[in-house]
Amino acid sequence: SQTIHQWPATLVQPVGSPLSLECTVEGTSNPNLYWYRQAAGRGLQLLFYSVGIGQISSEVPQNLSASRPQDRQFILSSKKLLLSDSGFYLCAWETSYEQYFGPGTRLTVT
Amino acid sequence: GIQVEQSPPDLILQEGANSTLRCNFSDSVNNLQWFHQNPWGQLINLFYIPSGTKQNGRLSATTVATERYSLLYISSSQTTDSGVYFCAVRRNSGYALNFGKGTSLLVTP
Numbered sequence: 001s002q003t004i005h006q007w008p009a010t011l012v013q014p015v016g017s018p019l020s021l022e023c024t025v026e027g028t029s030n031p032n033l034y035w036y037r038q039a040a041g042r043g044l045q046l047l048f049y050s051v052g053i054g055q056i057s058s059e060v061p062q063n064l065s066a067s068r069p070q071d072r073q074f075i076l077s078s079k080k081l082l083l084s085d086s087g088f089y090l091c092a093w094e095t096s097y098e099q100y101f102g103p104g105t106r107l108t109v110t
Numbered sequence: 001g002i003q004v005e006q007s008p009p010d011l012i013l014q015e016g017a018n019s020t021l022r023c024n025f026s027d028s029v030n031n032l033q034w035f036h037q038n039p040w041g042q043l044i045n046l047f048y049i050p051s052g053t054k055q056n057g058r059l060s061a062t063t064v065a066t067e068r069y070s071l072l073y074i075s076s077s078q079t080t081d082s083g084v085y086f087c088a089v090r091r092n093s094g095y096a097l098n099f100g101k102g103t104s105l106l107v108t109p
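As they're listed, the protein sequences go chains A and B. Per my numbering, the first sequence starts with residue 1, numbered consecutively. Per my numbering, the second sequence starts with residue 1, numbered consecutively.
Heads up, a few of these hints could be off.
[Stated by the list, open to error] Pair by pair, the computed Cβ-Cβ distance ranges are:
| id | chain 1 | residue 1 | chain 2 | residue 2 | range |
| --- | --- | --- | --- | --- | --- |
| 1 | A | 55 | B | 14 | 48 to 54 Å |
| 2 | B | 26 | A | 29 | 33 to 39 Å |
| 3 | B | 76 | A | 83 | 41 to 47 Å |
| 4 | A | 65 | B | 8 | 24 to 30 Å |
| 5 | B | 3 | A | 97 | 26 to 32 Å |
[Unchecked claim] Not close to chain B: a few residues of chain A, all C-beta gaps over 12 Å, as computed:
| id | residue |
| --- | --- |
| 6 | 13 |
| 7 | 29 |
| 8 | 30 |
| 9 | 45 |
| 10 | 69 |
| 11 | 70 |
| 12 | 71 |
| 13 | 77 |
| 14 | 80 |
| 15 | 82 |
| 16 | 92 |
| 17 | 110 |
[As the list claims (entries may be wrong)] Pulled from the structure, derived: some chain A residues nowhere near chain B, Cβ distances all over 12 Å:
| id | residue |
| --- | --- |
| 18 | 15 |
| 19 | 24 |
| 20 | 28 |
| 21 | 42 |
| 22 | 59 |
| 23 | 65 |
| 24 | 68 |
| 25 | 78 |
| 26 | 83 |
| 27 | 86 |
| 28 | 109 |
No lab work stands behind these hints: they were computed from the structure. Even for Gly, the Cβ is constructed at its ideal location relative to N, Cα and C.
So here's chain A without its partners, still in its complex pose:
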């Protein structure tokens, strides 16, 4: 069966520091992968998606970037964090149109 991992689970970082969040999927090949952010107050927003290695599409221009160095690995990065980058970051993978989410990383920028 397929599983999705995210780490770290929680992170507290100062403004201006770099960021690297990792997501890996097991049990599937060439999945579509997604990064979403959930700010306080519930709504989820798509940040990036990838349909293959090295292929990244950005939905919202901002302080973040994404990379897909391997088929089942998706990384979210920032060179300098802003206070507004705080939130709950969720990685998702897709099969036959249905998306499944990882456990998320809760990021607090101080």
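Given the coordinates of chain A, assemble chain B onto it according to the supplied hints.
Positioned in the frame of chain A, the structure of chain B alone reads:
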């Protein structure tokens, strides 16, 4: 972009009661999913239901694609049903799941 509206925004039920959550969307979709977000933030897939009716235990869902709405039914609610329920849809030409703002459900003993 596509608009997704969920109602009610908040709901308090006594254990054992039934409820209906509604999701309206503004465009044709090829994907509609219902999720339950638990207190730890995990999004749990409930239904993939771009059209038709499905049932899973005490939960069932119906999507009427031609009228652009979906309903989630919870019967005999339990305290473990508490959390936020999200409806998310994807347009026929796109990748993003567009989420509603959710319905926050609290089931009391």
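Now the hints, each set against the structure:
{"no.": "1", "hint": "55(A) x 14(B): 48 to 54 Å", "verdict": "holds (50 Å)"}
{"no.": "2", "hint": "26(B) x 29(A): 33 to 39 Å", "verdict": "holds (35 Å)"}
{"no.": "3", "hint": "76(B) x 83(A): 41 to 47 Å", "verdict": "holds (44 Å)"}
{"no.": "4", "hint": "65(A) x 8(B): 24 to 30 Å", "verdict": "violated (38 Å)"}
{"no.": "5", "hint": "3(B) x 97(A): 26 to 32 Å", "verdict": "violated (20 Å)"}
{"no.": "6", "hint": "13", "verdict": "holds (18 Å)"}
{"no.": "7", "hint": "29", "verdict": "holds (18 Å)"}
{"no.": "8", "hint": "30", "verdict": "holds (15 Å)"}
{"no.": "9", "hint": "45", "verdict": "violated (8 Å)"}
{"no.": "10", "hint": "69", "verdict": "holds (20 Å)"}
{"no.": "11", "hint": "70", "verdict": "holds (20 Å)"}
{"no.": "12", "hint": "71", "verdict": "holds (18 Å)"}
{"no.": "13", "hint": "77", "verdict": "holds (20 Å)"}
{"no.": "14", "hint": "80", "verdict": "holds (26 Å)"}
{"no.": "15", "hint": "82", "verdict": "holds (22 Å)"}
{"no.": "16", "hint": "92", "verdict": "violated (8 Å)"}
{"no.": "17", "hint": "110", "verdict": "holds (20 Å)"}
{"no.": "18", "hint": "15", "verdict": "holds (23 Å)"}
{"no.": "19", "hint": "24", "verdict": "holds (17 Å)"}
{"no.": "20", "hint": "28", "verdict": "holds (15 Å)"}
{"no.": "21", "hint": "42", "verdict": "violated (5 Å)"}
{"no.": "22", "hint": "59", "verdict": "violated (6 Å)"}
{"no.": "23", "hint": "65", "verdict": "holds (18 Å)"}
{"no.": "24", "hint": "68", "verdict": "holds (14 Å)"}
{"no.": "25", "hint": "78", "verdict": "holds (21 Å)"}
{"no.": "26", "hint": "83", "verdict": "holds (20 Å)"}
{"no.": "27", "hint": "86", "verdict": "holds (14 Å)"}
{"no.": "28", "hint": "109", "verdict": "holds (18 Å)"}
Of the numbered hints given earlier, the model fails hints 4, 5, 9, 16, 21, 22; all others are met.
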